[in-house]
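There are 2 protein chains.
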Amino acid sequence: MQFHLNGYRTGDPAVAEPAAELGGGDALPETVDVLIVGCGPAGLALAAQLSAFPEIRTAIVEQKSGPLLRGQADGIACRTMEMFEAYGFAEKVLKEACWVNETSFWKPDETRPGSIVRSGRIQDTEDGLSEFPHVILNQARVHDFFLEVMRNAPTRLVPHYDRRLVDLTIDTEAPAGAAAVDVRLERADAGHEGEIETLKARYVVGCDGARSAVRGSLGRELHGDSANAAWGVMDVLAVTDFPDIRMKALIQSEQEGSIVLIPREGGYLVRLYVELDKLNAGERVRNRNITVEDLIAAVQRIFSPYSFSAKEVAWWSVYEIGQRLTDKFDDVPEDATETRLPRVFIAGDACHTHSPKAGQGMNVSMQDAFNLGWKLAAVIRGLAEPALLHSYSAERQAVAKELIDFDREWAEILSGTKKGSEIRKPDPKVTQDYFVRHGRYTAGTATRLPASVLSAADGFQHLARGLPIGMRFHSAPVIRVADAKPMQLGHVAAADGRWRLYAFAGPDGAAPGSRLAALCAFLAGDPASPVRRHTPAGADIDAVIDLRAVFQQGHRDLAVDAMPQLLKPVKGRYGLVDYEKMFSPDLKAGQDIFDLRSIDREGCMVLVRPDQYVASILPLDAHGALADYFAGFMIARSKALAPAE
Amino acid sequence: MQFHLNGYRTGDPAVAEPAAELGGGDALPETVDVLIVGCGPAGLALAAQLSAFPEIRTAIVEQKSGPLLRGQADGIACRTMEMFEAYGFAEKVLKEACWVNETSFWKPDETRPGSIVRSGRIQDTEDGLSEFPHVILNQARVHDFFLEVMRNAPTRLVPHYDRRLVDLTIDTEAPAGAAAVDVRLERADAGHEGEIETLKARYVVGCDGARSAVRGSLGRELHGDSANAAWGVMDVLAVTDFPDIRMKALIQSEQEGSIVLIPREGGYLVRLYVELDKLNAGERVRNRNITVEDLIAAVQRIFSPYSFSAKEVAWWSVYEIGQRLTDKFDDVPEDATETRLPRVFIAGDACHTHSPKAGQGMNVSMQDAFNLGWKLAAVIRGLAEPALLHSYSAERQAVAKELIDFDREWAEILSGTKKGSEIRKPDPKVTQDYFVRHGRYTAGTATRLPASVLSAADGFQHLARGLPIGMRFHSAPVIRVADAKPMQLGHVAAADGRWRLYAFAGPDGAAPGSRLAALCAFLAGDPASPVRRHTPAGADIDAVIDLRAVFQQGHRDLAVDAMPQLLKPVKGRYGLVDYEKMFSPDLKAGQDIFDLRSIDREGCMVLVRPDQYVASILPLDAHGALADYFAGFMIARSKALAPAE
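As they're listed, the protein sequences go chains V and F. Count along the first sequence from 1, then add 19; that gives the number in the working numbering. Count along the second sequence from 1, then add 19; that gives the number in the working numbering.
Isolated chain V (complex conformation) (with noise of 0.2 Å):
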């Protein structure tokens, strides 16, 4: 966590200083770079990755009056613990979530008819998978935690409640800078009810659910399986003599369905999915009049010879949901995408939806808001060709396609139903076995981006074969060279809409002479440097390209005197030294990132983007490869840095 730069200040420093010229108030402003719509877990993410930029106007609406209290969504994926990392709030929810460390698998008991049998237990996360636990959190304090990373932005970014979207109206042949989006909204506050506000958005952003309006006013549709089971969820403080009341728990019984417990935060309460009758096609749960009772009857039977009291029922629903997907997340049609930009996205459940038992749902919406804030960001802030903006819907509905497919499969083994009239009883062995298969799916760290304007050759994957080009940067442990702390290297990418450079270097390390001097060299020095063409005049050097130094050698066995001047760039209004650039090995620990990540010991570059997705691997001396990347979607800027290089 880095401060004081540019002066001291009291305070507590995850509390930016105010931008020059705030919003406020409780009408919404004339005109905005980025609307969005909908405060859920996408609407939010998304909200908190602008809410950083001071020269970005946004504002966020939501139907309901408030922040939401109880939420649905709880599981949070290992992968979205490390995005949280770069929004600066993980260490909170690994405190307050419950960590989901195994999982459980119960059958019938062959041995005594109408008894469940526990079949096996497995580790929930494969060893060195994350260095993040998957966890279970109740989604309103994901939203609390977003709220608080907006309140405390520069531009002290809260949304407003009680806006209803009408209607919006692209002006398609507006030019590309343009608020060319009209939008009407109607409140329900007090004292407004029915007032119909007008704005004039740059972009608009749809994250308002399943039912998204925004979703319609692009005439596009969520497509895919009509749901063909009904479960039960509740949220319960209960009694039980079942022993893994406190392991995620997957659990078939002979006759009575199955259950997928959820042990959630604070040590008592837990989570029950209950398989209900298997539904007639086309029967809606709303037509059956399903109670909490009968829940927790089923709980009962499917629990035996375990018993299952419930003594507070904190919230329960009844939904037959089905995977469903939405062809193209912006506005432009699919043949118009050379002639055309993009101006309104959609988000989220409006994307795309999940049955909430592979606890995808959350995670994946907020993953869709990861990929396109920062290229929002970039546009509106000048850096990066509009263009870029198609790259949203090209790299996220290909991921949400495959996990929605993963979805299906998991639903349908764990209910045991078939596509069509085949109907199969559920296989616990085939349950534990898929989940163990799938555990990178689950964790969210199996993603792996498809081809757009981002894509690099992979012609260079062999320098780092432990670092997938397409997909998220895996963090490993390291020492920082100036002080010695033992950190995790991914955690220095916050969501700031930087890119990071991790310069791998070779067995001389900086030394003259050696790759990484030369390279140093190239980006601080070169009119060709995608540093020096990149970044803005006045800002500081690492600003848009953030370049670290990981080194062979030991930290006591590094001289920071000798390092080349762009490992210790000086930066703010006095010049001050950042030190934060230069790592090692953790070779006490006998965790050396070199070979945890299969990094060539001649040295390269791996270059990721400020969505913590690995862009390109290349050699040291790719100086001009470096250059063309970005040259391929960036805006060349003023070749004038500050003397602090």
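Do not rely on the hints blindly, as some may be mistaken.
Stated by the list, open to error - With the C-beta cut set under 8 Å, the calculated list includes, among others, these residues of chain V facing chain F:
#, residue
1, M20
2, K114
3, E331
4, A333
As the list claims (entries may be wrong) - Now the in silico label distances, taken between C-beta atoms and shown as ranges:
#, chain 1, residue 1, chain 2, residue 2, range
5, F, E212, V, A46, 37 to 47 Å
6, V, G30, F, A33, 13 to 23 Å
7, V, L606, F, D576, 26 to 36 Å
To be verified - Residues of chain F placed beyond 10 Å of chain V at every Cβ, according to the derived structure:
#, residue
8, G30
9, N120
10, E129
11, E145
12, N171
13, E273
14, G341
15, D424
16, V455
17, A465
18, G485
19, Q507
20, A530
No lab work stands behind these hints, which were simulated from the structure alone. A virtual CB, placed ideally from N, CA and C, is assigned to each residue, including glycine.
Dock chain F against chain V, hints included.
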């Protein structure tokens, strides 16, 4: 973190439900159980501890007009981090603070007169000393975290600022439970300037610094050496090519004096302690007209051949502070301890002053408060005899004496001054050796409490050689059985006034006939059980003595169903089961707590006080000795426990 025990609640679980009656308002209450004078580290640590108890009326007053913004202290020892964990904010400090990972030593360069050269570099804290690092953070932020704990507590405790203690009078003849201290305070807040408030307090604690008015009212004084060296100190944003600017460094020049360099939070700020000229005996700093420019010039001379350019000095001071100590930390004369009960206490700088360079002051002060807080709470809540309060001065005065001696020696080694007229140059080799040898002191983990009413016989120390009686409970990694969570055993200890009884099981675990099973049966059901004797009627069975079992087997080899009821206690209004009482060694990580802490494989009990100090070690079947220990200072309460047991 446990919550929802008495029903589901939305919102931040760190914010407790408010107590039925809250004080509030800007006037002080007329009567309180505890009046704390002073909002420094000691006062706030005490207030935060007491704020957890709705039945205790606490007030805390401060002469200044509001919270501290720029603190002077900054060193946070490992032991203090362990205490912060109990208060619930260690993770916030870990995130925001600067970690001191290594310390470097610089000496005169024999080959280049007038220059310094690095003479050594060592790990700051020895491996395994604590699960926490040594960190540096502005005292004002530590205050903020305590204030947040107080605001979130059921009592919603906030300080009354602008209050100066005028005087206090103790009615030494009053009965034990009476509010026998009359206090007069003068207000300085707008509209009330000069108004005198009076209140009656059962106990008053002076945390009002080196010039303590409370101490004065007791007629006690600080005794000790007069200061004989002047140091300047500044928090500075600077540009330098000194390579260890982000390390703690002890720099001893040939002619220009010494510097203690402390890197500070945020990555840019550093604190420099700069030795000024030796003072003549009795000469006072305030007569010397030293300016910040003098300090900077001294740094530049000592740093040679490295450059040093100060860009902003956030705070600076020149001080001369000796090691001073008060004879006794309460109002009872040494010869009256048999006949009088203490009613007024002093803590922190009011009792002892240190040089800042060993980083002890703030830490020792908070440990004073942690020691006193649970004792006051236990007496006021009717759990313990008032005579227990004698142990505060007995324990902490002796600890302070040891630390003062250490601090004096360390200060002399750094400045090279010896007692009396002999003046010797500092010897870098001696400095480094001393630093290494005394690392445990600086870390705060070497404290060993002297004899008091709380002392148990140490005849069974051999059953847990790694957990010395009278020293802080040294945490170790474990796996929580019911949910397989990897965690630190010591982190079950919150600052909630409860005793922890760690029962390390023998090879037979808690099987029927085992000594652990017999212990559970005794504690839950025997009339002589200290749990039954000392737990108030209607309270949860773990409200006073919190039993935790540590098994030798891996968590998958233990059956939660078969555990004794006391290890799965039912609690709260619903009788929910607390599953967080059973632990296994972290065998997978190769860290077996039985080996790490030299626990006898036959098992034992380790009894730990509410302030985390090991009180007693006993065989698992020493039921009577355990009961006798508590009977020595605890009050027998109802034997009618809730059916929970």
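We went through each hint and held it up to the structure:
1. M20: holds (6 Å)
2. K114: It holds, given that the least Cβ distance between K114/V and chain F is near 6 Å, below 8 Å.
3. E331: holds (6 Å)
4. A333: holds (3 Å)
5. E212/F / A46/V: 37 to 47 Å: Holds, at about 42 Å.
6. G30/V / A33/F: 13 to 23 Å: Cβ of G30/V to Cβ of A33/F: about 20 Å, so the range 13 to 23 Å holds.
7. L606/V / D576/F: 26 to 36 Å: holds (35 Å)
8. G30: Its Cβ does come within 10 Å of chain V, the nearest being 7 Å, so this is violated.
9. N120: violated (4 Å)
10. E129: With a cut-off of 10 Å, E129/F remains clear of chain V, as the shortest Cβ separation is near 20 Å.
11. E145: holds (13 Å)
12. N171: holds (13 Å)
13. E273: holds (21 Å)
14. G341: Fine: 29 Å to the nearest Cβ keeps G341/F off the interface.
15. D424: Consistent with the label, D424/F stays out of reach of chain V, its closest Cβ about 31 Å off (over 10 Å).
16. V455: holds (16 Å)
17. A465: A465/F is indeed farther than 10 Å from all Cβ atoms of chain V, at 23 Å.
18. G485: holds (22 Å)
19. Q507: holds (13 Å)
20. A530: holds (16 Å)
In summary, the numbered hints that this structure violates are 8, 9.
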